[in-house]
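Single-letter residue listing:
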Amino acid sequence: MGLLTGSGSLTRYKVDGKIDGNVIETVRKGLSRHVIQDIDGEPKEKSVGWTSFHTPYSPDFGGSRFLVGSYLVFGLRIDKKTIPAKLVKKRLEFLSAKRLAETGRRFLTRDEKSMIREQVLHSLSVKIPATPNCYDVVWEHEKEMVHFFSTMKTANEELETLFKTTFRRSLIRLFPFTAAELTAGLSDTQKDRLHELTPKPL
Amino acid sequence: MLDVSVSYNRYKFIGHEFLTWLWFVMENQPDTIPSAAPSVGTVALQIGNRIVFERRIGNDALESVVIQGDDAGLEEGMLALKKGALVTEINLVLRVGEWRWQFTLQGESLHLKQIKLPETGPVETPDDVEGAVLERMALFETITHTVDGLFRQFVLDRTSDNWMSVTLPRLKAWISR
Numbered sequence: 011m012g013l014l015t016g017s018g019s020l021t022r023y024k025v026d027g028k029i030d031g032n033v034i035e036t037v038r039k040g041l042s043r044h045v046i047q048d049i050d051g052e053p054k055e056k057s058v059g060w061t062s063f064h065t066p067y068s069p070d071f072g073g074s075r076f077l078v079g080s081y082l083v084f085g086l087r088i089d090k091k092t093i094p095a096k097l098v099k100k101r102l103e104f105l106s107a108k109r110l111a112e113t114g115r116r117f118l119t120r121d122e123k124s125m126i127r128e129q130v131l132h133s134l135s136v137k138i139p140a141t142p143n144c145y146d147v148v149w150e151h152e153k154e155m156v157h158f159f160s161t162m163k164t165a166n167e168e169l170e171t172l173f174k175t176t177f178r179r180s181l182i183r184l185f186p187f188t189a190a191e192l193t194a195g196l197s198d199t200q201k202d203r204l205h206e207l208t209p210k211p212l
Numbered sequence: 008m009l010d011v012s013v014s015y016n017r018y019k020f021i022g023h024e025f026l027t028w029l030w031f032v033m034e035n036q037p038d039t040i041p042s043a044a045p046s047v048g049t050v051a052l053q054i055g056n057r058i059v060f061e062r063r064i065g066n067d068a069l070e071s072v073v074i075q076g077d078d079a080g081l082e083e084g085m086l087a088l089k090k091g092a093l094v095t096e097i098n099l100v101l102r103v104g105e106w107r108w109q110f111t112l113q114g115e116s117l118h119l120k121q122i123k124l125p126e127t128g129p130v131e132t133p134d135d136v137e138g139a140v141l142e143r144m145a146l147f148e149t150i151t152h153t154v155d156g157l158f159r160q161f162v163l164d165r166t167s168d169n170w171m172s173v174t175l176p177r178l179k180a181w182i183s184r
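Chains as they are written, first to last, in our numbering: chain A, 11 to 212; chain B, 8 to 184.
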């Protein structure tokens, strides 16, 4: 669901300030520094990072391929492992029974149960591959606007966090109040009135 | 600037009033729509296949009315407005000449969903991607410039004396006719 697909969703942001100096080089370095990390075969359950628009499963920010016309075009990738709850339960029961048999006791302590649970989650998250989700990002640097091709809450929150970490600029989501205050060209008096607005029955 | 979540919740009614005003404008002043986004050209806008109304009952309860279908009548929508509901989500068809866009606009978030752009050429080789991105962004911008222009028009009116003296009486007259 994105920029080149048949049907998509869009959230728009105002960027809180422009990047000083060489924009392309700064963006390239930022994207490379926070590129998505592969977590397959590792105990991590989630990874969030930037990826290339052109090759989202083998990110490459060499040169200025992410520059398309005046747009900076790249992707946010969220890799997440989903461990089935029933599989966790099955492994927990198996290992708990084994532990009881080894110790000859009838009950496990809270610490033992917690340790077994951690062991199960660790071993399963190493074995289970992460599912990648890619979301297109288009940054109009001159206009200080970002177009994000998703309206999913979690994806938007990850974008806002990673963008701030990477570029030290906040993304301000454009919903009615922020759009009115930041992009509608209101005078100071009108902004004061905007703040005082209350719902009016029609 | 207010805290984001506070301002989102406190002022989401602005988005609902905007969509209700937009329906009023489409019905009563369609000639003013192209002037909202002159950069786009001669835009025609009409309601698509879905419109959602909400009315708050007391402090907690919400009553929703959903009208959907390509040829659905909007009488129940007018009835909902008469009862004090506002439009919270609307599917729109936008036309510029022969070209057609369709999308859903959500009032409280201004999210654009289920966006269908006019047909573009297939991307067959990696070299086609750059052209396709530029073409698709131009098509997305037809929607965003139109929505932004209309929202600007609404907000400028809503924060002026004209709202109470002219627009609101017209809206009320339209709803109660």
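Certain hints may be false.
Unchecked claim - In silico EDC-like cross-links for lysine to aspartate or glutamate, where the CA-CA straight-line distance does not exceed 16 angstroms:
no. : chain 1 : residue 1 : chain 2 : residue 2
1   : B       : K120      : B       : E148
2   : A       : K201      : B       : D164
3   : A       : K210      : B       : D168
4   : A       : K210      : B       : E61
5   : B       : K179      : B       : E34
6   : B       : K90       : B       : E61
7   : A       : K54       : A       : E112
8   : B       : K19       : A       : E154
9   : A       : K201      : B       : D168
10  : A       : K24       : A       : E154
11  : A       : K153      : B       : D168
Stated by the list, open to error - Ranges of calculated distance between the beta carbons of each label pair, as one might list FRET restraints:
no. : chain 1 : residue 1 : chain 2 : residue 2 : range
12  : B       : R17       : A       : E150      : 52 to 58 angstroms
13  : B       : N169      : A       : T65       : 50 to 56 angstroms
14  : B       : P129      : A       : S74       : 22 to 28 angstroms
Stated by the list, open to error - Stretch-level coverage of chain A by chain B, calculated; a stretch enters the list once three of its residues show a Cβ under 8 angstroms from a Cβ in chain B:
no. : segment
15  : 29-36
16  : 75-87
17  : 97-109
18  : 148-162
19  : 188-194
Simulated from the structure, these hints should not be mistaken for laboratory data. Quantities reported herein were computed from a predicted structural model and do not represent experimental measurements. Heads up, the beta-carbon is just placed ideally off N, CA and C, and yes, glycines get one too.
Hints versus structure:
1. B:K120 <-> B:E148: Roughly 14 angstroms between the alpha carbons, so the hint for K120 of chain B and E148 of chain B holds.
2. A:K201 <-> B:D164: The given pair, whose Cα atoms are some 12 angstroms apart, holds under the 16 angstroms limit.
3. A:K210 <-> B:D168: Status holds; Cα separation ~14 angstroms.
4. A:K210 <-> B:E61: holds (15 angstroms)
5. B:K179 <-> B:E34: Roughly 14 angstroms separates the two Cα atoms, so the pair holds.
6. B:K90 <-> B:E61: Since the Cα atoms of K90 of chain B and E61 of chain B sit roughly 10 angstroms apart, the hinted pair holds (cutoff 16 angstroms).
7. A:K54 <-> A:E112: violated (30 angstroms)
8. B:K19 <-> A:E154: violated (24 angstroms)
9. A:K201 <-> B:D168: holds (14 angstroms)
10. A:K24 <-> A:E154: Given pair K24 of chain A, E154 of chain A holds - Cα atoms ~6 angstroms apart, limit 16 angstroms.
11. A:K153 <-> B:D168: The given pair, whose Cα atoms are some 31 angstroms apart, is violated under the 16 angstroms limit.
12. B:R17 <-> A:E150: 52 to 58 angstroms: violated (29 angstroms)
13. B:N169 <-> A:T65: 50 to 56 angstroms: holds (52 angstroms)
14. B:P129 <-> A:S74: 22 to 28 angstroms: Holds - the Cβ-Cβ distance for P129 of chain B and S74 of chain A, about 26 angstroms, lies within 22 to 28 angstroms.
15. 29-36: violated (count 0)
16. 75-87: holds (count 4)
17. 97-109: violated (count 0)
18. 148-162: holds (count 3)
19. 188-194: holds (count 6)
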